[in-house]
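Protein chains in written order, with full-length UniProt numbering: chain A, 1 to 334; chain B, 1 to 334; chain C, 1 to 334; chain D, 1 to 334.
Keep in mind that the hints are not guaranteed to be accurate.
Note that the list lumps identical chains together, so a pair holds whenever it fits in one copy or between two copies.
Said to hold, decoys possible - Here are the computed lysine-lysine pairs in the PhoX-like style, where the Cα-Cα straight-line distance is at most 20 Å: (1) Lys204 with Lys295; (2) Lys205 with Lys319; (3) Lys313 with Lys45; (4) Lys78 with Lys325; (5) Lys295 with Lys225.
Simulated from the structure, these hints should not be mistaken for laboratory data. Remember, it's a predicted structure, so these values are computed and weren't measured experimentally.
Protein chains: 4
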Amino acid sequence: MKAAVIEKAGGDFIIKEVDKPSPSKNEVLIKVEACGICHSDNFVKEGGFPGLEYPRIPGHEVVGIVEEVGENVSNWEKGQRVGVGWHGGHCFECDPCRRGDFINCENGKVSGIHYDGGYAEYMTAPKEAIANIPEEISSADAAPLLCAGITVYNALRNSGIRAGDVVAVQGIGGLGHLAIQYAAKMGMRTVAVSHSNDKQELAKKLGAHHFINTGEKDGAEELQKLGGAKLILATAPHSDAITSVVDGLGIDGKLLMVAATGEPIEVSPMQLLMGRKSAAGWPSGTAMDSEDTLKFSAMTDTKPMIEEFPLDKVNEAFKKMMDNKARFRVVLKP
Amino acid sequence: MKAAVIEKAGGDFIIKEVDKPSPSKNEVLIKVEACGICHSDNFVKEGGFPGLEYPRIPGHEVVGIVEEVGENVSNWEKGQRVGVGWHGGHCFECDPCRRGDFINCENGKVSGIHYDGGYAEYMTAPKEAIANIPEEISSADAAPLLCAGITVYNALRNSGIRAGDVVAVQGIGGLGHLAIQYAAKMGMRTVAVSHSNDKQELAKKLGAHHFINTGEKDGAEELQKLGGAKLILATAPHSDAITSVVDGLGIDGKLLMVAATGEPIEVSPMQLLMGRKSAAGWPSGTAMDSEDTLKFSAMTDTKPMIEEFPLDKVNEAFKKMMDNKARFRVVLKP
Amino acid sequence: MKAAVIEKAGGDFIIKEVDKPSPSKNEVLIKVEACGICHSDNFVKEGGFPGLEYPRIPGHEVVGIVEEVGENVSNWEKGQRVGVGWHGGHCFECDPCRRGDFINCENGKVSGIHYDGGYAEYMTAPKEAIANIPEEISSADAAPLLCAGITVYNALRNSGIRAGDVVAVQGIGGLGHLAIQYAAKMGMRTVAVSHSNDKQELAKKLGAHHFINTGEKDGAEELQKLGGAKLILATAPHSDAITSVVDGLGIDGKLLMVAATGEPIEVSPMQLLMGRKSAAGWPSGTAMDSEDTLKFSAMTDTKPMIEEFPLDKVNEAFKKMMDNKARFRVVLKP
Amino acid sequence: MKAAVIEKAGGDFIIKEVDKPSPSKNEVLIKVEACGICHSDNFVKEGGFPGLEYPRIPGHEVVGIVEEVGENVSNWEKGQRVGVGWHGGHCFECDPCRRGDFINCENGKVSGIHYDGGYAEYMTAPKEAIANIPEEISSADAAPLLCAGITVYNALRNSGIRAGDVVAVQGIGGLGHLAIQYAAKMGMRTVAVSHSNDKQELAKKLGAHHFINTGEKDGAEELQKLGGAKLILATAPHSDAITSVVDGLGIDGKLLMVAATGEPIEVSPMQLLMGRKSAAGWPSGTAMDSEDTLKFSAMTDTKPMIEEFPLDKVNEAFKKMMDNKARFRVVLKP
Ligand SMILES: [Zn+2]
Ligand SMILES: [Zn+2]
Ligand SMILES: [Zn+2]
Ligand SMILES: [Zn+2]
Ligand SMILES: [Zn+2]
Ligand SMILES: [Zn+2]
Ligand SMILES: [Zn+2]
Ligand SMILES: [Zn+2]
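Chain A on its own, in the form it takes in the complex (with noise of 0.2 Å):
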């Protein structure tokens, strides 16, 4: 079958023949329709994930048709369309995962990374990171929901808001193009929250009740015009930005970081004690988050921003996403 390989850290996308896997017991064989670029398979790219060997070929927004199950299982059969996002199968074993906490689980496996992905014709991956996608989305629409669209989703509906509230998202790019519309769906007063006026048309079309620029105007201060954000989804992974508009938060406010960044930012004790305020983390989810994701999208016709391109233009479709141009999310199709 025809892959896109990442053959050592630094390295280009090569396109090359290479064996067709074989599901193992516990694993589901996909022949994949679709695939998103996520900004994380930098990590692939790039190098430096725990765990990471190569060859190894990237891709942990894959939809594709189930082509054969390993003999354990039993809940997936030839024929479906199915998804793999970033969460990419558990142990079952460990403390956390005995909780029935998989996304935490200590021995988790991220697809793409820990075993190939999906930017080639096939994939495998263990019956437990498997998802089913429904009728009314279309592969390509499906595949970045599976790690951006879960991402803000998850993060969104587990925040504790309640409908109404203001919610502020962070950042107009692949995640916060999608925030801004569950957020919108779900009832919020959604405020859009940019750098420059680029993208507010956009914003307010996406179902943003209001739109700040924070280039223009100190993005706190406006939010607390607004009578202060009750949430603040960070979705952007720039630490500066989101120490600036940490004093938007109104009362009982929370900010949440969506974004994965190791570069640290700077809240104080007062700031948060007063108002009683938090910060928070949310890390994707599970595979039955990605059905309840796409069941919310279908229901409200979410639908990602996508740009197509041919597995064989991987490194132009990669580049594009790097150099942030993309509007906003790139597909592969084998």
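With chain A fixed as given, assemble chains B, C and D with the ligands onto it according to the hints.
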């Protein structure tokens, strides 16, 4: 009446005769029996708190007997033993007040800062700032519970932790020595965290199940050996020390800060995202929270460790507190 | 001024001239623009509510213009458009009030029951019972939102359900037709439950994703086919009908009852234990909750379906409501 | 090996030699040291539980030593002391399992009902049903904690109550005598509710702060005198008695039922609506919950009161339990 007055920012306490106050129509006049000295009283001594004017009599951990009530006061009567804490009154008309969230009143008053407090023979306070004191607790023991006690009791009971969870109390001082007792009596697996072994024996006596000396060992690592803390209650205003234990949080762990300092802590989105962690602040409580604190303290026989001083020795007493030599709260008796 | 007065239990409304009221020092005088008729107004017509005295002017869904304020009222001013709902005032001094839980005030007043309400040209109300009305909503549309609307909006947003969850609204009447709209606009998978097909088309138009006719099919079974309801909002006061859908709850499902009836439902420990289910009640809300309801309604363009009547036709209007023939709320205009 | 077998519904226990079981690949073989007798074992004795087949060896409160593990078992090893409770295994593949909600598995097994249990010298159990037993607790003491203990501990810690709240334990029996201890050790103001004074002294010794004899006084009224219960934990399966205390709930009070009976309680919407009350059920817990229960019990020195019988005397032991004469749990030792 006799009072300890700060006449200007930076000045010492001056013991002098001042006019005994009269309650206005919504106020209660209290004959002071005991008043705790709190580190926050230094805001009065050194100046800088918004809305503070001189001369001022500090004191927001006040217990005494109702001597007289204003004409609109029907729920308090002469002879009752009552207390006043940090939260010194609210407006009932701002939006937080209309939501019943008095602690976040936009026009809230702090006793001993926005009006004269308990370093005196008498003080007045708005009726909504008054708490009933249960018989089982002496006035001197009750006083520090109205600020140090309520802050940690209220933070702990509202933190969402469940009995049996690992709770670390960082800092064994005025707040911490109470937090250890409360946490243990709430059925938490209580871990005292200190920077030396000096207070190890005491911590165990107060109910701590474990003790971590961060002077010898890495606090975060030691907490992880216990499974990770579900809650770290940071009671000392040292942001570096707080930053250093963030990685001691377990899954769904929360860093809860009650010590008011403007010095930022540093924490990365990644640190919080992995394991769904959070950092939050908690501000004392209302008069009803004080009553809950006192009832719980009476029921569980929780007492502050105090050193009593006559009002005349306020300068000596205050210095001992500021030098961090008191074990652990200083209480003035007029 | 003209008013519709009930002079004794069981009597009809009598349209007559009465003295225009004057606001006492904590009250606001309102020139009524619209007043909804609520089933609970029948407590006045037929008698029996604790604390009710005659003659009485009912009406607790009142919108009008501030005409005059009492001397202690600083947060409302002449000319503002405001509303008064079921919660007609609280004492600020009982324990629930001291906790900020005004709705559970031990001395709470109901507008139009404990004092004269909005079936008149003017009414007075305590300042704490007043809500601001956003410009986007007409007075006639706003009126029913102050009781029917707030009750279901507040119940839904505080129920702990998450966007995408299956929410069944039982009963499509004054409360139900609003609940369907709110649930849909909060991103819930909304199921309308009715005992005939008459309102099926309407329910879909209001936003329902599914419709169950319990006249034809077993409601509980149909809900289980949808995965089981996370929430069943019981809006009609028919305890048998409520009892019959309890088994339609899914895992962690909650039956939430907002229709005040003293007739018991039946539910066994086993029914609730399997799947960790619960049954709960929810009582309307405060003036701030009214403001939240109205803001959300304005933001999402949620409107009650109303039939307007002049105050003079109150007897005809009231009968239509009691006969369950109104679609769906009746609003009086003086 | 020796076992106590029920050969048909309604039969007595027959002590006989049966084949020692062998663990299948996902199972663990346990040499039984102690097995509690639970009222639910009567489902086996009298028949009627879905999926039950004869002959059957009951017993779901089992503590013993791992003797052998199946080939797929890597997290348990020979020589460990372990336990098995009511929750006897789950499928990992149904939707609740995929959400990590094992207790609601659609294919869940109950130990001693769907497969042979601990009234024997040996038993096997699926690896996911196994809990580790802390050294501090004897096998006989640990056994009842795996069903009676976990049920009330888990119900209490997940109920949302806060330390200091009024918690009533209705029924002082196998579950209730543990619930009183746990509630007190969680810092709850603990009220024992019984229908006679027989157990008053005992209740106080177990930690109850208050005692209500519903044979002499109205339980609901007495609870209201204490401020109203935030939680009533109904541990005895008597629906009339449960119904009678609903009005003892305070604001936001919750009636939590853990005793499995199909006999309905009666409660009106009005009863729950006033004060935002609720009625809910709670089902035992998983192996991890068992571990939490045991750790908490060890930490707080909570022990069941037990009467030990040799396996040979199972009929006598069982009768004592059924006659409600045991104080309070009966434990068999093979
Ligand atoms: Zn991704
Ligand atoms: Zn795991
Ligand atoms: Zn203080
Ligand atoms: Zn205020
Ligand atoms: Zn009404
Ligand atoms: Zn009140
Ligand atoms: Zn049992
Ligand atoms: Zn299952």
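Hint by hint, here is what the structure shows:
1. Only between protomers do Lys204 and Lys295 lie at most 20 Å apart by alpha-carbon distance; the minimum there is 19 Å, versus 24 Å within a single protomer.
2. Taking the closest pair of Cα atoms, Lys205 and Lys319 never come within 20 Å of each other, the shortest separation being 27 Å inside a single copy and 46 Å across copies.
3. In this assembly of identical chains, Lys313 and Lys45 lie within 20 Å of each other by CA distance solely inside one copy; the values are 15 Å within and 69 Å between copies.
4. Proximity of Lys78 to Lys325 under the C-alpha cut-off of 20 Å is found in neither arrangement, the shortest distances being 37 Å within a copy and 54 Å between copies.
5. Within a single copy, Lys295 and Lys225 get their C-alpha atoms only as close as 35 Å, which misses the 20 Å cut-off; across copies the closest is 16 Å, which meets it.
Comparing the model with each numbered hint stated earlier shows that hints 2, 4 do not hold.
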